[in-house]
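Undergrad: We have chain A; now place chains B, C and D with the ligands onto it with these hints.
Chains as they are written, first to last, in this note's numbering: chain A, 1 to 597; chain B, 1001 to 1597; chain C, 2001 to 2300; chain D, 3001 to 3300.
Keep in mind that the hints were calculated from the coordinates and are not lab data.
All the given hints hold, so there is nothing to weed out.
Simulated coverage check for chain D against chain C, where a stretch passes if three residues somewhere in it have a Cβ under 8 Å from a Cβ of chain C:
1) 3113 to 3123
2) 3153 to 3162
3) 3267 to 3275
Reference excerpt, derived from the structure (chain B facing chain C, CB under 10 Å, subset only):
4) Lys1048
5) Gly1049
6) Arg1248
7) Ser1250
8) Lys1257
9) Asp1261
10) Gly1287
All C-beta atoms in this analysis are idealised placements derived from N, C-alpha and C, irrespective of residue type, glycine included.
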Amino acid sequence: MSQKNQISIKVAGAAGQGVESGGQGLAKALRRGGLHIFGVSDYMSLIKGGHNFFQITVSDEPVYCNTEKIHILVSFDPQQVQDTVPHIRELHEGGIFILDEGAKVDPAMQAAIEEVGAICCPMPLVKLATEIGGSRIMMNTVALGAVAGIMQLPFEALDSVVRENFAKKSTELADKNSQVAKSGYDFALQNLVSKFKYSVKYDPAMGDKMLINGNEAIAFGSWAAGCRFISFYPMTPGTSVGEWFTKRNSKIGVVTKHTEDEIASICMAIGAAQVGVRSMTTTSGGGFCLMVEALGLAGMTEVGVVVVNAMRGGPSTGLPTRTEQADLLFAIHSSHGEFPKIVLTPGTIEQCYEAGIRAHNLAEKYQTPVIILTDQLLAAEVYDISPDKFEIPHIDRGKLLSKEQLDKLESNYLRYEFSADGISPRALQGHPKTVHAPATDEHDETGHITEDAANRIKMMDKRMQKLETARRDIKPPEFIGPENADLTMIVWGSTYGVAYETIELFNRNPSNKQKINALHFSELWPLPKDKIQQALSKVKFAVSVEQNYTSQLATLLRAELGYEMKKFINRYDGRPLTAEELCTQVQEIFAQSLITA
Amino acid sequence: MSQKNQISIKVAGAAGQGVESGGQGLAKALRRGGLHIFGVSDYMSLIKGGHNFFQITVSDEPVYCNTEKIHILVSFDPQQVQDTVPHIRELHEGGIFILDEGAKVDPAMQAAIEEVGAICCPMPLVKLATEIGGSRIMMNTVALGAVAGIMQLPFEALDSVVRENFAKKSTELADKNSQVAKSGYDFALQNLVSKFKYSVKYDPAMGDKMLINGNEAIAFGSWAAGCRFISFYPMTPGTSVGEWFTKRNSKIGVVTKHTEDEIASICMAIGAAQVGVRSMTTTSGGGFCLMVEALGLAGMTEVGVVVVNAMRGGPSTGLPTRTEQADLLFAIHSSHGEFPKIVLTPGTIEQCYEAGIRAHNLAEKYQTPVIILTDQLLAAEVYDISPDKFEIPHIDRGKLLSKEQLDKLESNYLRYEFSADGISPRALQGHPKTVHAPATDEHDETGHITEDAANRIKMMDKRMQKLETARRDIKPPEFIGPENADLTMIVWGSTYGVAYETIELFNRNPSNKQKINALHFSELWPLPKDKIQQALSKVKFAVSVEQNYTSQLATLLRAELGYEMKKFINRYDGRPLTAEELCTQVQEIFAQSLITA
Amino acid sequence: MVITQERQTVTAKDFKTEQKSTWCPGCGDFGILSAVQMALVNAGVAPWQVLLVSGIGCGSKLPDYISANGYMTLHGRAVSIAAGAHLANTDLVTFAITGDGDGLGIGIGHAIHNMRRNVDIVHIIENNEVYGLTKGQYSPTSKRGFKTSTSPEGSIEFSVNPLALALTAGATFIGRSYSGDPKHAAGIIQQAMEHKGYALVEMLQTCPTYNKTQNNDWYKEQTYKIEEENPSYDNTNRLMAYELSQKDDGRYPMGVLFIDHSRPTYAEQVPALQQNKAALIDHSLDLDSQLFEKIKASYN
Amino acid sequence: MVITQERQTVTAKDFKTEQKSTWCPGCGDFGILSAVQMALVNAGVAPWQVLLVSGIGCGSKLPDYISANGYMTLHGRAVSIAAGAHLANTDLVTFAITGDGDGLGIGIGHAIHNMRRNVDIVHIIENNEVYGLTKGQYSPTSKRGFKTSTSPEGSIEFSVNPLALALTAGATFIGRSYSGDPKHAAGIIQQAMEHKGYALVEMLQTCPTYNKTQNNDWYKEQTYKIEEENPSYDNTNRLMAYELSQKDDGRYPMGVLFIDHSRPTYAEQVPALQQNKAALIDHSLDLDSQLFEKIKASYN
Ligand SMILES: Cc1ncc(C[n+]2csc(CCOP(=O)(O)OP(=O)(O)O)c2C)c(N)n1
Ligand SMILES: Cc1ncc(C[n+]2csc(CCOP(=O)(O)OP(=O)(O)O)c2C)c(N)n1
Ligand code: SF4
Ligand code: SF4
Ligand SMILES: [Mg+2]
Ligand SMILES: [Mg+2]
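Chain A extracted, bound-state conformation (with noise of 0.2 Å):
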């Protein structure tokens, strides 16, 4: 099994430019011709200007991640193309580097150039935007268009895309950049086709896919399950979880709201949830933080409420787009007393979808609120997925009694009822037959406040009995790649792509004796220890492979299970791990034979 043939595209410019929108064009273009692609946005925090860039990479074969090398580097930016060097350092030999023929090409970047083996390909991306376009904000059209060109993709294939991007603004519109595309098009026919010695098949049998990021899964599985209610406070980068309900607001019957701040998000889905909507809000560290003291509230309560957390680079603002996972300990320990957590880590698109389903059934089931930790990679990168991998949800509301239940009640209703597994059977208020008023402070059976220590004890016996009894129905973690291997890493969260694609890149060069695997977690709280022992007995050598500094997952092993890394690797400079980078460090640890095999 050969290495895998993949090609790598990056398109750079400035922030405002339209880097965002034409890599997720090309993409779409690109899936449509039929190839297997991934997709994610690099970007600065702020509005204009900077230099951001959007990573591509395509093959015959699934992709989970972007790679470090690159085939084709364009620059929307005929300004500021002297920040592309450290892009075209990136570019393969014989890789080619699309640029606007009016961009003078400095010193630095011709050395870049010679010192890669790269073919400069300058053209009028802004001529033809111009001339044919009759704007040259369409250059980025052009630029895709030639990209299209070089990847020999059926011209089809973009104009479907580009069609579609700009019907919603006007066909004349549309019609211009489709020939403005084409022109680019044709001029990389004639011109760059040639010049390129890089290709991939496509499968014109594909057929349909879906290239959507985690945050929209996540919202979308959400809905799903019947989420009806979320309210939030813009937080980069867990905000277009919000956004994309707010998009769709009343299609889709859901009450959303832009609130004041974090506390107030927490604080109003909450009080939905409590009189018996599916309720969820979202958010990033910083927000999160604000939002510790109410999830106190929901777990004496014993409200189920969804809490998504998307991790970006810390401390406090931190790198605000870029991506981390150091908030692992802080939410399983979140706010103040012992109460029962629910923490789901979705490392793929599907467990992101997924998760957002788990999120609202165990919710309800547990009566206590359920974090979802997703981080600034997952949030925004796309690969393609077929469409029936998102079913229609089971919906399980847990012990909520009906009201033809309730019509028959004969006691007195009591909401915290003593129970074996801990969970009570709830009733929602407006019933008449179920008056109640809980309190935060330690009650009883009824929900009346009460300081009596042999209540106290039962009660508190009651919530955390409901961890063991959640125990048994979280997911053990998986293996990705080979079940047998000589090194195994052990991640959770969105390192799921890089440790596969690391696996991939590693099991299939030949040069290397040993096999690798992975045993990813895609929900941690509350640990199914014994699920977790079994999978971990098959590990003969464990690498902790974590984006952050302390090793999160490790030390969280470490306390639950006494179970002891062999190696760690961390990366914390808002970047995400590569399978390159991996890869060495594990060839690394065999080369120091660490291992005895």
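TA: This is chains B, C and D with the ligands only, laid out in the frame that chain A set:
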């Protein structure tokens, strides 16, 4: 070495009846008479009514916690004496129950009295109060006089306290109360002493001692260490730290601010600390939740601020006036992202005073937030300590540059200069040569915002290096009791006292062949791992003893050192652990002969 | 509130509970409790049709002492929680019950923002001008110079003016009454309930324990009914209302200070609730599979 | 502010920095930045004598683009942090610089409470009526109907009225200017600096990226100088000020809307700062050993 000779007195009544002040007064008087004493009140979360009590344990040896059984019970409350039934059950055989002659002893009480073989002593509390004092509320003073009489305390000791307490109001009131106290005293000498078979030896030469509670000690230490700014929002049991300052306000030259909420409290304190004033805030769990975002601000911009979190029963509002140790892991992992934090967990009054000092020194030395974790028990308990235990502190401001040094400054000042120990020389804003503007975004050495990856890594390393540097500065745990023992209780914070008394109770009991001790942590983060390992290496059989549900220190030691406890003892009903119950549990552990001696 | 449910014939008995109160003897909260009860009885709203969301404080224990749906939540957050509950179930007559520290100190932001949204709830502020449950610290409404454990030399802050603030923030009903006059209080509360939009009711409250001077006699002196002193007062006139709220003769006008019928409520304007006018809680959870497929297709 | 330090002769150059701005071309924040700079130069306050505390938002990056003491903190908390810094060092001329979401949304409570305390700082609200840094959601000052990613069908909230709110809360100086007129803006800011007490300055700000309609031409249309349109306006008259703030002809009066010299500042009244009038930072840390022993003795 025989068991400790101690007498326990419980003063009971409704909130607002002076149970607290009465108990405190009695404690002071017995102390001045020449006894060692421990006292703490137990109260409900309400302002008037309900059922509160103050318990005192006296001895000719130091005492660090109350006993389960009592020798004298006083009821201040002719109405609700029946609430005292559970306390009657706590009386020793031959113990005395003092109540007003007008109070009717119902069958339940009678039964309880006979059951335990106590002596019921109705006396003219109200009558003497009204006849001699001219006011029924002085019945408290009569009762205190009676107890003093039974205890054969030299009257002067009581008289001095009574006069001091009322002198503030008026000398007339002081005289009246003095007379009233005497009347109760004499009544007891004539009618009660003879019936009371217990006694302790007074040491008239004992000299001056302080009766000061944990929160007062933290505040006192902080002020002594130069804290000049405290902003806080009232929350039991953290409030009294702030009120220590407000009460003395101008006298001690401290700016005190009762803010609109906890977010403002910590933010004001951080603002004050940023410009160079030693600052702190105080709160309890719910308020601490609201502070965690700002902890990240302090961590990221490297501002030393001191936060007192006085723990109470959680989660959420929980048991507002009761004790718990359930915020340890939350405090250590609080706020998103990763940055250095220091967590102190004093267990004695002396350690509280020192924690106040240490916190402010460490905060400035490491330029990072310091959390003092205390709890309701430690906040409210008093026992006699000699004044020279509170020494004039050494103030260490770390790498703070003086005006003189700044005047001489050659190069541009770098607020976040990289350094081996992670600590940058600190200059205050307000000097012509130190103009700078720190950001909570990731920043370079000057403080300016940057997303550069290389700088990010160096800055994270610098900040986290401070944790390693501080690790060497943190106090290792200390053994209570004999160095060598068959069983060691692993404790932290306020359980110092009960651990101490448990060891006394167990080791002094001739029928116990084994010896026990305890290992107490008064500073917990960052863990001084080597020193802890050393200490733990001396431990034969470790029993985790915590005032919480999930054994959080045990979890932490497993997470950080892979250390495993053999047994776990937890109490989470908001009531303090007792030496008697711990002794029993320890004996059971030995009985199950789990320990291969 | 827009009261959607059928009125019931209820009596005080229906709201009685065994739970024994922990309030101090003579506390004004007793008066407020009976006023709330009276208002519900008079409005014909049954225990199961109402939701009393409270914060934390002495007065916030009110829902524990009445047999009615309640939710005793967090200090400062009752308004947000009530707003969420209201949007999720517009059929429940929803109250936010807070203290002065609770509603005007830590919680002032939520109050202001929900006022300008005109969220259709009744917000009762039990204003004893002190922090009761934490044993007597000064509050945002305490008078300048008020001596407490956190202001031993007297408060140096200018106090919040709840009525002026509510007016400025955009509350569409602003009333004031007093714990010592439960009948009047009940009347104001009922009007607040019948009002469509955010209704703020400032309930002057005695705290015999920590605010001794402002006892019932004092309040009898200091309070007056607006309609009695200025019959010509027009409570639909914003500027007039502001002027009245600014009078600093130290006296408290009582009654309906301001009322505005012109603004729609928040719920009325929420797109999802316009599509389907039923309470959100009654919307089906079932998935519209066509829509589901359509959304999926949009990602192709 | 009570400006305690000696005025310096400074020029714009003293405030220049290399740091390159990340604001969009044409952003109103550039105008506000130069206005602040101008005001400092004109007031003779040097970079090391000032402290610019900001929150988080586009406009809150201002301290990064000027060579002066600053502190870029948290979203919504700049006012509290500035207040703490001010009380600890009253010699620094302290600003709180916030956006409209920052200062009037999440941070409104801190603003109100510090206004009524009359904390002696200058609070500049950069009001672009939108959330800029998070890519354009509606803000508390957005007009009803404003379409954004969180209000695709138009905002259904009534917006905050910053001036009326500040007036009601107790700010003792209330000014308004506009990013497109840096000279005027600098004048207002300087007056705010020279004012003793909480000075709120609402800076109308263009956001060409997310609030396109309210561009410079639009503002030139919609704004006017108070003194020009009503020369008889008395900005010491609270009711007059309120009335002006309530005019809803959609136009923005600019200038000093209100000023009150009667109230003492908070710092002036703090007991510890009355005892020792020096800035707290200059109080000695050394222990008064007599007092120390006295306190110990009180526990005997
Ligand atoms: C976040 C938080 N901070 C502080 C407290 C402590 N606390 C409980 S009640 C209260 C204030 C009580 O004053 P008020 O709101 O006026 O109500 P009252 O007791 O006077 O009725 C405070 C500060 C808390 N429960 N939660
Ligand atoms: C606690 C918290 N919540 C949310 C955010 C995300 N955030 C950054 S700036 C901003 C609002 C920006 O709007 P505004 O305050 O008006 O400033 P502008 O960008 O318009 O200048 C938000 C919500 C944050 N940084 N912190
Ligand atoms: S403290 Fe005041 S408000 Fe609280 S119960 Fe007692 S009297 Fe009522
Ligand atoms: S988004 Fe608006 S406010 Fe932010 S920098 Fe751009 S123009 Fe300025
Ligand atoms: Mg109050
Ligand atoms: Mg804005």
